[in-house]
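Undergrad: Could you build the full structure based on these sequences and the hints that come with them?
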Amino acid sequence: MNVAELSDLFVWSAATALTIALVAYAIDLARATEAAQAVRSARRPAVVGAGSASGGDVLTADPPPAASAASAPRRRAAGIAGSTLVLGTALLLVAIVLRGVAAGRWPTANMYEFTIVGTFCATAVLVVVQRRRAIAFLGVLVTGIAVLALVLALNTLHVQADAVQPALQRYWLVIHVGVAILATGVFTVAFATSVLQVLQDARTEGRSRLERPWRRADGLRQAFHGARVTGPAFAWLEQVPDARRLEALSFRLHAVGFVLWTFTLIGGAIWAEEAWGRYWGWDPKEVGTFVAWVVYAAYLHARTTRGWAGRRAAYIVFVGYAVVLANFTVVNLFITGKHSYSGL
Amino acid sequence: MTDRSRARQGARDPYRPEGLDDAFSDDATRSAAADEATPGGAAADAAAPETPAAGASSAGPVGTGAPAPLPALGAVGWLRWAWRQLTSMRVALLLLVLLAVAAVPGSVFPQRPQDPARVAEYLTDHPDVGPWLDRLGFFDVYASVWFSAVYLLLFVSLIGCILPRTRVHLAALRGRPPRTPRRLGRFPAQGSGTSGDAPRAVVERAAAVLRRRRLGVPAFRVDVHDEGAGTWSVSAERGYLRETGNLLFHLALLGLLVSVATGQLLHYRGQAIVVQGTGFANVQAGYDSFERGSAFDPADLDPFTLRLDDFESRFDPRTLQSRDFTAHVTVTEPGGEPTPEQIKVNHPIVAGGAKVYLMGNGYAPRLTVHDAAGEVAFAGTVPFLPQDEVYTSRGVVKVPDVSGGQDQVGLVGFLLPTAVEAAPGLWRSVDPQPAEPLLVLSVWHGNLGLDTGVPQNVYRLDESRMQQSVDAAGDVVTLYVRPGQTVDLPDGLGTLTFDDLPRFVALDLRHDPSLAWVLTFALLALAGLMASLFAPRRRLWLRAAPGADAAQDEGPGAATTVVTAAGLARGDDVGLQPELDRVLAAVLGAPPEPSSPSAGPDPQEDRT
Ligand code: HEM
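Here the protein sequences line up with chains A and B, keeping their order. Taking my numbering, I'd label the letters of the first sequence as residues 1 to 344. Taking my numbering, I'd label the letters of the second sequence as residues 1 to 608.
Don't take each hint at face value.
As the list claims (entries may be wrong) - These stretches of chain A come out as covered by chain B in the derived footprint (C-beta under 8 Å, 3 or more residues): (1) 83-92; (2) 253-267; (3) 300-307.
As the list claims (entries may be wrong) - Looking from chain B toward chain A, a few residues come up when the C-beta cut is under 10 Å (computed): (4) Q85; (5) L86; (6) R90; (7) V97; (8) V101; (9) P116; (10) Y142; (11) H347; (12) L509; (13) R510; (14) V574.
Stated by the list, open to error - In silico lysine-lysine, DSS-like type, Cα no more than 30 Å apart, as pairs: (15) A:K285 / B:K344; (16) B:K355 / B:K344; (17) A:K285 / B:K355.
Since the hints were made in silico from the structure, they are not lab data. Here the structure is a predicted model, which means the values were calculated and not measured. In this text, a Cβ means the ideal position worked out from N, Cα and C, and glycines have one as well.
TA: In structure tokens form, the structure reads like this:
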């Protein structure tokens, strides 16, 4: 077995570890739902008034003793999830280093490598975020995306570890692509946070709590109501920080992601100036990066625009993240441009 | 998070980050100030940062359906209204979204500046919608009227919103921190403690702590107030950098646009194919294609010369992928000495104020054609363009200068650098390096059409007035020629000699005097963005009152100074409470009592 195969093996084991983390997070999430239901039935007679008076805040307090029956196995699931997440992230790091050794260069030259490094960034950000506040849902979403990405990478994007052609032989391959991957990882976790924020918001501000007529609620929210975000299946949301805090967390992540993305854009332009003889040429990849940048700038503006702050700003995040993903997949696979280098 | 939104929490939106009009989260200050007997200082201070948004916030309601007093609205009124709309945050947001949408068709449809051939192909494939799309600018999106309109409007909007904000910010930079509000209890970050020192001493120590320098600048701007009756307080503000950064970011975007536009006017770019052993002179006629901005005069081209001495290429022996290209050239600037240089992919050189890029390479066989009369009708190199990884290269040899009365000759075909006969009569190249070069050509004769006045593509043969040579059996004649060989042309047209096989390089030359500016503004924008997103903007207040006053609260016997502190931040700020705690600890010399009202189960979480 050579070093490149060893690297692939490590990616497989990382995918396995992350799958275990995914399952553990899912169990944790299910338990959280049960616990939340237990809390609710335990205190329903007493707190109905208080709960509706002060919005979500009361509901997000720590579960009272009634819920602690469910919390021991919960903690075990959360513990397993946390440690397998760290393990998977570490395995992935080893895989990436080995890949770099096998190819004799920085391992971010093709879609396969981009995917595994991007997944590594996302799980690393998740590790950091979960240290501060463990949110099972975030774990499920991010490890879910990570496992999917890794399996996809191994099965359809995999290419031989090899040196690259002259146009890629530059330290910018490290800076530009590296930062782009990092930004994608950060955006992934930020996106998950925004999803959570919208769910939480829809739950705490369900139909009955809307001050305007239901007809005028925006479509996404009506859709969520159809999915019964306010129902028992989403009771775990009561264990999650309230929408305001999620929004703050999501904004902080997006701020970091946006700065990294801006740097990707500038670094790409500097590199293009050296490699292609122009800093900007509306190549499909450049267009995609630009569109994502503008969409995220719109998000930052929406946050500060009356009537757009909060949930609607989060919808812009969904668009932005979709553009980031499309820029990586659709543009690489289906549109020919100057970035179509590595076969895949 | 503003206090206003906090107050609304139960009623309307549970969370609402601050908007343009909340230059600071001033509501707390204002409501606190309203409690004061004389609302003078603090209220005026609180109102000041509101001014920047006067445009936006007054446009807000207009936009949401409550029009400004209509009768008074003359032409000027409408203009003002339109201007306010344009410079409102809402419209800026709309324009940003529009810009994102408008940029998409450019990667969906082929674009003329990038790939004219694919545009032509699209037009023939879609004869119905194609012309319409063309008329609407979909094949040159980024120069189209609608795309330009969106970004120009956006930048006008940007100017309209940035200028007043700059003015207000400059005033704010000279301002003082707002006075200590009477009640500190309603602020998002809080702390308290007691001290054995006199109130004045405590407050002065606090001022010293707050003024501590970080990276050479004081962290806070600090005012000390004597509030009478032995009570002292200190008010402090930091984070002017945040708004500075934001303005810098937006102004740098403007600078970026202006420098890119200037570059468009002043630039030129051209392509030249240079064959090994020959040179290139930097005059417009020396280029194969040349394009320039309207403010660039081709007479200003710096007439340096460049000679291709040698060309090296390396390929991966297994995958045949390219690994390295190096062009060894000699550059002679006017009046200068010839200097040897190397051009590589990714490593352009600078000559005569232009960057010279290595964009492509290939083989240019040196051929000699003798016509039927035995005269030399053609002698020179002909670049053959590589079509694939193994440099199967396509080319055309046009021989117009035949002796009088004879047919002109055109040779069309391929160069195979390492030719292998895969099947009888079927040759292909297996390696990009010239191990076994072979020219495979078919022969045409007749009129090349060079004198029709229509410019011709040198890589295409216009066959409309020519005839292909066939042998006696009616099969097309194919010539196979190796370097050093001479073969007879069919139909008694003469002979062809393949002399040798030099290489050529395709160079891009580009001059753009705005590059340094573009880079500078881009980096300034990045720096401004980071300051605007990461520099914390905070206000802290600390009040020290004699213990006697506090006796009612603290119970009898508290002969100490009672210290209360509060903090307010712009936006969501995790670091506010820790900073307040740090200051208190430094002032009191002991950890403060955790007394934040929102101190929940997780002290790490943000208090906004
Ligand atoms: C009329 C046009 C514009 C207006 C009124 C405007 C206004 C603002 C304001 C008030 C902020 C501060 C928000 C805050 O500090 O929280 C801001 C931030 C920002 N603006 Fe603009 N802007 C405009 C155009 C643009 C354009 C054209 C771009 C880039 C495409 C842009 C990108 C940004 C970014 C990235 C931020 C940082 C967000 C933040 O600080 O939260 N803006 N803009």
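Undergrad: Each of the hints needs a verdict: does it hold here or not?
TA: Okay, the hints, checked on the actual structure:
1. Counting residues of the region 83-92 of chain A whose CB lies closer than 8 Å to any CB of chain B gives 0, which falls below the minimum of 3, so the coverage claim is violated.
2. Beta-carbon proximity to chain B at under 8 Å applies to 6 residues in the region 253-267 of chain A; the threshold of 3 is reached and the given coverage holds.
3. Using a Cβ-Cβ cut-off of 8 Å, 7 residues of the region 300-307 of chain A lie near chain B, which meets the minimum of three, so the contact claim holds.
4. Interface hint status for B:Q85: violated, as the beta-carbon distance to the closest one in chain A is roughly 14 Å, over 10 Å.
5. Interface hint status for B:L86: violated, as the beta-carbon distance to the closest one in chain A is roughly 15 Å, over 10 Å.
6. Contact between B:R90 and chain A, as hinted, is supported at the beta carbon level, the nearest pair being about 6 Å apart and thus within 10 Å.
7. Annotation: B:V97 was flagged as interfacial toward chain A, and the flag holds, the nearest CB pair being 5 Å apart, inside 10 Å.
8. Interface restraint check for B:V101: the shortest CB-CB distance to chain A comes to about 8 Å, inside 10 Å, so the restraint holds.
9. Annotation: interface hint on B:P116 violated; nearest CB of chain A at approximately 14 Å, more than 10 Å.
10. For B:Y142, the suggested interface contact is upheld, since its CB lies about 5 Å from the closest CB of chain A, less than 10 Å.
11. Below 10 Å, beta-carbon pairs count as interface contacts, and B:H347 has one with chain A at about 7 Å; its hint therefore holds.
12. About 9 Å separates the beta-carbon of B:L509 from the nearest beta-carbon of chain A, less than 10 Å, and the hint is met.
13. Hint status for B:R510 relative to chain A: holds, with the closest Cβ pair at about 6 Å, below 10 Å.
14. A hinted interface residue such as B:V574 counts as satisfied when its beta carbon comes closer than 10 Å to some beta carbon of chain A; here the least separation is about 8 Å, so the hint holds.
15. Our distance criterion of 30 Å between C-alpha atoms is met by A:K285 and B:K344, whose separation comes to about 24 Å.
16. For the proposed pair B:K355 and B:K344, the alpha carbon gap of about 12 Å is at most 30 Å, so the pair holds.
17. A hinted pair counts as satisfied when its Cα atoms are at most 30 Å apart, and A:K285 with B:K355 qualifies at roughly 24 Å.
Of the numbered hints stated above, those contradicted by the structure are hints 1, 4, 5, 9, listed in ascending order.
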